[in-house]
Amino acid sequence: MSAHIELVDVEKSFSVWERRGVVRRSRKTVAAVAGVSLAIERGELCGYIGPNGAGKSTTVKMLTGILVPSAGTIRVAGLDPQRNRVDLARRIGVVFGQRTQLWWDLPLSDSFELLRHVYRIPSDRFRSNLSSFVELLDLGPFLSTPVRQLSLGQRMRGDLTAALLHDPEILYLDEPTIGLDVVSKSNVREFLATVNRERGVTILLTTHDLADVERLCSRLVVIDHGRVIEDGPVAAIKDRFAGWRRVVVDLEEPAPGLDLGLAGVEVEKVDGPRQWLRFDRTATTAAAVVSAVVARVKIVDLSVEDPDIEDVITTIYTRPPTP
Amino acid sequence: MVEAVRIYGHLAAARVRADWQYRTSFVLFTLGQALITFLDFAAIAVIFGRVDVIEGWSLAEVAFLYGAGGTAFGLADCFISAVERCSQRIKDGAFDRLLIRPLGPLLQLSAEEFAFRRFGKLAQAMTVFGIAMAAVDVDWTLGRVLMVPSMVLAGFAIFGAIFVITSSLAFWTVDTQEFANAFTYGGNFMTQYPLGIFAPWMRRLAMLTGVAFVNYVPALYVLGRDGERERFGLPAWTLFASPAVGLAAALIAVWVWRTAIRHYRSTGS
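Chains as they are written, first to last, in our numbering: chain H, 1 to 323; chain V, 1 to 269.
Just chain H, with the same shape it has in the complex (with noise of 0.2 Å):
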């Protein structure tokens, strides 16, 4: 039995031209992905996240067969994307953030008609399922507005329903919550959590928004230069990258950053009277740290945090390469 999503070695490399003078050109060869090897099981949500290039898009699109891959393996839902892509579309769903898959110039509702036609959904079934999006993301307002005079977030609302409507075992999702204000961001990952535990839905999301990954994902994978960089649960990537925690202080008078004589901890920041004191969760304890400080000077208030997920992708991004 093989995973529901799986990549072996894949790469994909696109040819450029670079201009050299005024009309020489050379032929340049870039990896977008270069070795990829991953599997995801039925069910699962897993986060796919990377700096800009990092080959997010290019491995999403591959997945759908929309890119041929340049090496390596996919099979994704034991099917080939490439060689089966026809048969493949009935049994996945895509939203593109940033591109809408709807006619722009009609209404709301015709689009969710043309794609009954064009997946050859059963009526009931459509009916069904339009009538429990309609109520889910509450689209009944605009159903027959045309899209183009759709917000954003009504768009990618009508976006998520045309990419479900066809029951797909599989959802990509590609930035489905770029540009959005925060209600809406929240209504679209309540509504993914939904599909994702009652429709048994795998889905893979790509992502800069990493309030995404934390509410949403169980898994997480990051890939940088191509490459998968980490992989695994969400919480055990965030301990093993956020060995640390952080206690901020208020000073009674400003201060220059405090030294506690303590391994482990670091002055962070120091902005008048407050400053931010790092320290590694392996060397010492939050109450040694605040105990140090309050026996050299008067502290008015006190905080300790934990890192979140954004300092963990700052960390694994910005750390030196491993060989």
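Calculated from the structure, these hints are not laboratory results.
Please read all numbers here as calculations on a predicted model, not as lab measurements.
Glycine included, every Cβ here is placed at the ideal spot set by N, Cα and C.
Some hints could be false.
Pair ranges (Cβ atoms, derived) [to be verified]:
hint, chain 1, residue 1, chain 2, residue 2, range
1, H, S26, V, E3, 45 to 53 Å
2, V, W172, H, S37, 28 to 36 Å
3, V, H263, H, G72, 12 to 20 Å
4, V, W172, H, G21, 37 to 45 Å
5, V, G224, H, R24, 53 to 61 Å
6, V, I36, H, S37, 52 to 60 Å
7, V, R258, H, R199, 29 to 37 Å
8, H, W104, V, H263, 21 to 29 Å
9, V, F119, H, S218, 51 to 59 Å
The following residues of chain V were derived to be distant from chain H, with all beta-carbon distances above 10 Å [what the hints assert, rightly or not]:
hint, residue
10, E3
11, I7
12, E55
13, L103
14, I131
15, F179
16, W237
17, A250
18, Y264
Got chain H; can you put chain V on it based on the hints?
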């Protein structure tokens, strides 16, 4: 096949509804196209106002050529030519969405870019074709009667193939519209006159691209002008070769298109 026609209908109807949102431009475009089409044949009629024959062909015979070529081109224009829009879709990244659906991109593209105005040209060509068939002095044997629909279908396939092959270039280079037009609209122009009026290199090009087999060569048989083929060194069997040329052109076009899709690079993000 029935399924493909049905889905084509739905997608094309959606396109017409979308165009109808911009009514004035829809109406003006359709009227403009009709006018251009009318002037197109009027130009040939004007020439015959001054001379009785072109290269030994009477007005009715040239009209037969024009009608057959125009009908074939019109069909390809109505149902295939929208594939040209793939260049635009590739540039703005919208080609992706064609590939995530369980349908061939060629079918989706030609349906989604469907335009009613193109039917004006087809209707005009069919009218000229009908009148010309009544006017030409031909003994309508069974073979000649059967040749008429088969040359139109072959011509449809040949022009369709030219549209698909020239559009496929967009997957390697970005803008090739003008180059493509030379073959598509240029090819159509060459089917409006007897091949003999063109320069020798143009005749060879017409043979090579299959354009000569759209109407000129089979018309020699229908109009009983078989003798003329010897001028171009064509053996007798070529008079009946159009369906085979059409089939070959269609197969080559499908192969080129599939290869092009495999080379699709998409856009960033």
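Legend entry - Hint numbers contradicted by this structure: Violated hints: 4, 10, 11, 13, 18; rest satisfied.
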